[in-house]
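The residues making up each chain are set out below.
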Amino acid sequence: MKRYVLSVLVENHSGVLSRVSGLFSRRGYNIDSLTVGVTEDPNTSRMTIVVKGDKYIVEQIKKQLNKLIDVIKVIELKPESSVYRELILIKVSATTKQRAEIIEIVNVFRGRIVDVVNDSLIIELTGDESKIEALINMLEPYGIKEIIRTGLTALERGNKVIKEHN
Amino acid sequence: MKATDAIVECFRKENVSCVFGYPGAAIMPLYDALRRSEIEHVLVRQEQSAAHCASGYARASGKVGVCTVTSGPGATNLITGIATAYMDSIPIVAITGQVKSTLIGRDVFQEVDITGATEPFVKHSYLIKNAKDIPRIIKEAFYIAKTGRPGPVLIDIPSDILVEDIDFYYDEEVNIRGYKPTYVGHAGQVKKAFTRLKESKKPIICIGGGVISSHAEKELLDFVEKTKIPVVSTLMGLGGIDHNSSYYIGMIGSHGHHYANRAVAEADVIMFIGARLGDRATGENKLFKNEPDIIHIDIDPAEIGKNLGTSIPIVGDAKNVLKQLLEMAQPLQTEDWLRELWELKEKHKKFKEDIKTNKEYVNPKYAIELLSDVLNHDAILVGDVGQNQIWAALNFKISGDRKFFISGGLGTMGYSLPAAIGSAIANKNRQIVAVVGDGGFQMSLYELATIKQNHLKLIILLFNNMGLGMVREMQYKFYEAEYAVDLSSNPDFIQLARAYGIEGIRVSSNEDLKEAFTKAMNTESAFLIECIVDPKESTL
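Taken in sequence, the protein lines are chains U and L.
In terms of the numbering used here, the first sequence has 17 at position 17, counting the first letter as 1, and numbering is strictly consecutive.
In terms of the numbering used here, the second sequence has 1148 at position 148, counting the first letter as 1, and numbering is strictly consecutive.
Hints should not be assumed to be uniformly reliable.
Stated by the list, open to error - Heads up, simulated DSSO-like pairs for lysine-lysine below, C-alpha to C-alpha not over 27 Å straight-line: (1) L:K1397 - U:K73; (2) L:K1306 - L:K1347; (3) U:K67 - L:K1129; (4) U:K55 - L:K1013; (5) L:K1452 - U:K73; (6) L:K1347 - L:K1063; (7) U:K62 - L:K1397; (8) L:K1139 - L:K1192; (9) L:K1323 - L:K1306.
If you're looking for bench data, these hints aren't it; they were derived computationally from the structure.
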């Protein structure tokens, strides 16, 4: 099972998200993450969907997505030609003594501290998956209280835009 | 203009002359506009039938079938009908009333999320939020339903939106950026396909419902006669080629003709046209153990490669691609191959002689054969589901302008009676026969009242074997006993039909069939022929 990243341009209507997510559940496709937001054109939204499967399943997913009337374009974003990013917020236990140490780690990762109280910190980090996993590993000894991740979002490198794909 | 008058005006623009439906509170404003219009409304007796009627109407007329029902249970009753149309790619537009837009989400009386509920089996759906969008959405709905791979489209309209006033403007063109079906086959692929056919020693064409929905019958026959390639059909493809053609071999599938399956198994190249290679047609791919080359022509790219690996995919409309193929067509050396298949078929025919001799019961296979002999050249036969469907499919001779409609994909019992009503409304002068079993008949029995009320002249051919024959057969095959399939306390169907004002006759042996058919065809109103069938009668 390989991981594939699909970028899906859709009409910005209500109901589109449920059509897309419904498609995945009823056809038994495995979905790792799905992010969605409006694009440069307020009439369209763009989803980044991370799926696990083989070549056959990914081909089917692309075709089934293309069948939806509200889907304008589906492209696959390959790792070598794309920028993958994810945002994570981590609430970590931090005594007054540990605080400086944690801040040092966060700085190495170019993360930010976005909230501080007596016993804990909230850390914000953007990056690809390996960077995020590395930070989580570093922070684990201090006691991670909560994690929230946005899921992967991605864009193709270079000049070309999604609408120019066939 | 009132929004409801705008809907009626849209119907006119879309050439809708008849809608099937059932009124209720939320859809009432539209019914008032329909009342004031010239558009015919056929009142069914349960909403599911409205969708089946629209499906039968669409198939018989070549137009989009329309049904209108109310919110809540009216809409949920429609669901099976919509799913049936979806599985068989039948163009219908379903309009459902919805509770007031200000009340949506509060679980008010007769509220249900019908766009959500039907999402997996509509081609597209709309929940209208602004009355001004009504003309655009209706235009799009008809366009989506009938173009590309056809299918059902649902429009849900809250009752407060139905009573608003709007400026009517109807676009000439539809432009949906996410919906651009491919109609013409890729020239290179088409050429590659024909080259492969030319090299083949045992080529075969397998047609599906796509040949019928793209009206490609003539192009298919031209291509086949020119190239001398034999043709088999799936259940949905029946009627795609004239059964009198010597190139037509038979129906494939788990319930198909043995010799047609053999033909496919022996072929070295199979060209599928408008067939989705469903499990019932291909027997879970057992047919292809010789690993033939597969050429697959379909308008829906998602069907290509879904169920079977394809050597040469061609996305396009069956009619167009066949025209493209016809341009390069030339006779192929298939004489030996054809002779082999004809011999195979001939052998089977001799074996079938014994079906005429039964005196205790009506043999349903013989009944359908005999019916084929007496019906007009443009008769429409609508089959139900179960044994009766297969008896009809395997023995009804489709030639001339005859048509054969069934619920092939979903296998919905109770389809034939309402679908026959829709067909009869679309073609008031054609012979329409609904073939049905005693199980399926009781799933839409109430539509006898619709038949009576609309003075429809159709023949109901009921095969009564006092049970659910196909399930019973499968139970013996897999579990060696029958359970919950006994319908021996069936009502007296003849008396029942009479209670609805429909005449009928009970036939208990093959000898009396012909007279019954003659009587039915000469009756100026609907007529029921109840055939008593041996409960042990086999499907094949």
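Each hint, compared with the structure:
With a CA separation close to 45 Å, the supplied pair K1397 (chain L) and K73 (chain U) exceeds the 27 Å bound. Only pairs whose Cα atoms come within 27 Å are accepted, and K1306 (chain L) paired with K1347 (chain L) is rejected, the gap being roughly 35 Å. Taking the CA atoms of K67 (chain U) and K1129 (chain L), the gap is about 24 Å. The hint holds against a cut of 27 Å. Our distance criterion of 27 Å between C-alpha atoms is broken by K55 (chain U) and K1013 (chain L), whose separation comes to about 45 Å.
Our distance criterion of 27 Å between C-alpha atoms is broken by K1452 (chain L) and K73 (chain U), whose separation comes to about 51 Å. In summary, the hint linking K1347 (chain L) to K1063 (chain L) is not supported, as the alpha carbons are separated by about 41 Å, beyond the 27 Å threshold. For the suggested pair K62 (chain U) and K1397 (chain L), the alpha carbons sit about 41 Å apart, so the restraint of at most 27 Å is broken. With a C-alpha separation of about 38 Å, the suggested pair K1139 (chain L) and K1192 (chain L) falls outside the 27 Å cut-off, and the hint is violated.
Under the criterion of a C-alpha separation no larger than 27 Å, the hint pairing K1323 (chain L) with K1306 (chain L) is consistent with the structure, at around 25 Å.
In this structure, the hints that do not hold are numbers 1, 2, 4, 5, 6, 7 and 8, in rising order.
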